[in-house]
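A.B. asks: Sequence:
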Amino acid sequence: RCAGRVEVQHNGHWGTVCDDDWGLPDAAVVCRQLGCGTALAAPPGAWFGEGSGPIWLNGLRCRGSEERLALCRHRGWRPHVCAHEEDASAVCSGCAWEWCAQLTPTHGSQGPAPALTSTSLPGGPTVRLVGATGRCAGRLEIFHAGHWGTVCDDLWGLPDAAVVCRQLGCG
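Following the working numbering, the numbering of the sequence shown begins with 4 at its first residue and continues without gaps.
No lab work stands behind these hints, which were simulated from the structure alone.
The beta carbon of each residue, even a glycine, is placed where N, CA and C say it ideally should be.
Warning: the hint list may mix true and false statements.
Stated by the list, open to error - FRET-style restraints, in silico, Cβ to Cβ:
hint	residue 1	residue 2	range
1	Glu53	Ser96	22 to 28 Å
2	Cys155	Ser96	29 to 35 Å
3	Cys155	Ser55	26 to 32 Å
4	Ser68	Thr136	30 to 36 Å
5	Pro162	Leu74	39 to 45 Å
Using the sequences and the hints given, assemble the complete structure.
C.D. replies: Shown next as structure tokens:
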């Protein structure tokens with residue numbers, strides 16, 4: 004949950020953020036708002052896949068100290084002329100403290116909370132690793148048709164594992 008395409012909810016609809024002027028200070032705000040530690044990278048060019056729907060924000064100019072993305076300077080809450088191939092992404096350090104797992108994003112009048120969608124790439128399944136210490140190790144499971152299931156290891160190799168690791172923001 005701490006690396007992926009940045010999406011924001013506005014007027015009840017999820018949309019993406021354009022990567023024009025996107026940088027580490029912007030990603031830092033997203034990471035802070037989600038309780039995901041510090042920003043490690045702000046990859047441009049739909050690094051985690053292209054989103055769909057409206058592109059709600061463009062030209063973000065965060066200082067990096069804001070508590071919420073909605074407090075950063077931007078070109079307004081509206082659909083922007085920007086292609087989904089320019090969807091912004093963030094890679095966060097994760098959360099080192101136990102209490103961080105209990106944090107919830109800020110909602111309501113303080114502005115919409117962003118989400119990082121590394122595990123729901125367009126046309127791709129939701130995946131997770133379970134049964135080991137940490138979020139970057141374990142048995143691979145895939146969410147399909149409302150249920151979690153395992154993945155058969157026939158013909159499974161390092162290139163396949165590398166894709167999962169990238170999708171989960173684990174390197």
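A.B. asks: Do the beta carbons of Cys155 and Ser96 sit within 29 to 35 Å of each other?
C.D. replies: holds (33 Å)
A.B. asks: Would you say the C-beta atoms of Ser68 and Thr136 sit inside 30 to 36 Å of each other?
C.D. replies: holds (33 Å)
A.B. asks: Taking 39 to 45 Å as the hint, is the beta-carbon distance of Pro162 and Leu74 inside that range?
C.D. replies: holds (41 Å)
A.B. asks: Between Cys155 and Ser55, does the C-beta distance stay in 26 to 32 Å?
C.D. replies: holds (30 Å)
A.B. asks: Taking 22 to 28 Å as the hint, is the beta-carbon distance of Glu53 and Ser96 inside that range?
C.D. replies: Once the Cβ atoms are compared, 25 Å apart, the range 22 to 28 Å for Ser96 and Glu53 holds.
Consistency with the previously given hints is maintained throughout, with no hint failing.
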